[in-house]
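**Student:** One-letter residues, chain by chain:
Number of protein chains: 2
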Amino acid sequence: MLKYQQIANEIEKYIEDHALQQGDKLPVLETLMAQFEASKSTVTKSLDLLEKKGVVFQVRGSGIFVRRHKRKGYISLLSNQGFKKDLEDFNLTSEVIELEVRKPTKEVARNLNIELDDDVYYVKRVRYIHGQALCLEESFYNKSIVTYLNNEIVSESIFNYIREGLGLKIGFSDSYLHVGMLDEEEAKYLGLKKGSPKLYVETIFHLTNGQPFDFSKITYNYEQSQFFIQANSHFL
Amino acid sequence: MLKYQQIANEIEKYIEDHALQQGDKLPVLETLMAQFEASKSTVTKSLDLLEKKGVVFQVRGSGIFVRRHKRKGYISLLSNQGFKKDLEDFNLTSEVIELEVRKPTKEVARNLNIELDDDVYYVKRVRYIHGQALCLEESFYNKSIVTYLNNEIVSESIFNYIREGLGLKIGFSDSYLHVGMLDEEEAKYLGLKKGSPKLYVETIFHLTNGQPFDFSKITYNYEQSQFFIQANSHFL
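Chain order of the listed sequences is A and B.
Read in order, the letters of the first sequence correspond to residues 1 to 236 in our numbering.
Read in order, the letters of the second sequence correspond to residues 1 to 236 in our numbering.
Any given hint could be a false lead.
Note that identical chains are pooled: a pair holds if it fits in a single copy or bridges any two copies.
Capping the alpha-carbon separation at 30 Å, the derived lysine-lysine pairs in DSSO-like fashion look like this [said to hold, decoys possible]:
id, residue 1, residue 2
1, 169, 45
2, 106, 25
3, 217, 3
4, 25, 103
5, 72, 103
Simulated from the structure, these hints should not be mistaken for laboratory data.
Keep in mind the model is a prediction, meaning the values are calculated, not measured.
Hey, can you work out the whole structure from these sequences and the hints?
**Tutor:** Shown next, in the form of structure tokens:
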């Protein structure tokens, strides 16, 4: 981890530990520089990172302020780290329904930018929060990138393994969301009635070099899941 | 608009006009500098903005590449400009159900960070896409910031008016999403059956100085709406 990331983490922890609220002012740049024994450019980079992550906002000529805390138990739709991180205070478990190497369908091949005779790892899991079904997940990993998976890995955080085990750098993602009704199979896995509402999310995850490595389809249990998104002004 | 924003717009337009695809490489920095007669730092700022907006991704030592085009007709959950912009190719209209000045409820006061005896503008609208109900929207504007609204303004884009009419700078937003079932009133406005699925989104919009000015509650017609989110690697 680089120094500016470390400092960003420490500032974030400070905000949490002191339960700072939206609008609370952070110390000025000079104080932070002295406190972390870091240069102006390093502290500025830390603050920019925290701003991108929605932890603080900066007002020119006025200071650095804390942004609203995310509500507890909400899943970030912007996180690329898998939602295990959002729900770390919760008891999250996985049941692996299927794990196999197969050929991609046209849809999968198009989204992973591979050929129909390439191999993908297919993973189907139900994820539980405090023993309640949170979502049904089907994921397709480009096997030439994610070269190995087994039952033990997919019972835990696949993304942790991809980062730490395979040493890959996870980059950006594109997600497409639809609201609809559960079909019979989905309802069975989620412990709901057929026809209940669902949030269905398709995501393509890319490495930092732009290669798509994971195409995932998640169907959420509407009773167990809630989501948040923080947007910055650069989207204006 | 600043020069780097202008250049960013032109690059984005170039990508659209030439229907460039995910992974297509853009000209190198030096070429862009010459083409736009701009300094390295200006072009770098333009590219950073485009990266934040999910239009391009940069690979160190390798170049600048086009990111996947958003699917047409999808509403960005990261846009702070109101979704009129996402759907500009579509015929979007509004029906104003209610517009009045009132006192906030506790919930509204808390989210707008105002007192119970302050005033808010309450706006209730149904928004239509090609004549089909897209969503039911209830918004609460802090009247000390959004000092004036009338029927004509709220029939159009309120955000355009806030920016251009009132000269305010719209900053960041926090959104909370839930999936559920339509109640009778919502179903009536959206032309669906009671109990149909819904996406319900609460958003607090802030000025760039951090002041919340709009607390909005939107209930989407699941048959008419689909959404996308692009996440960057800094969320890792």
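**Student:** Starting from the hint list further up, note which numbers the structure goes against and sort them upward.
**Tutor:** 3
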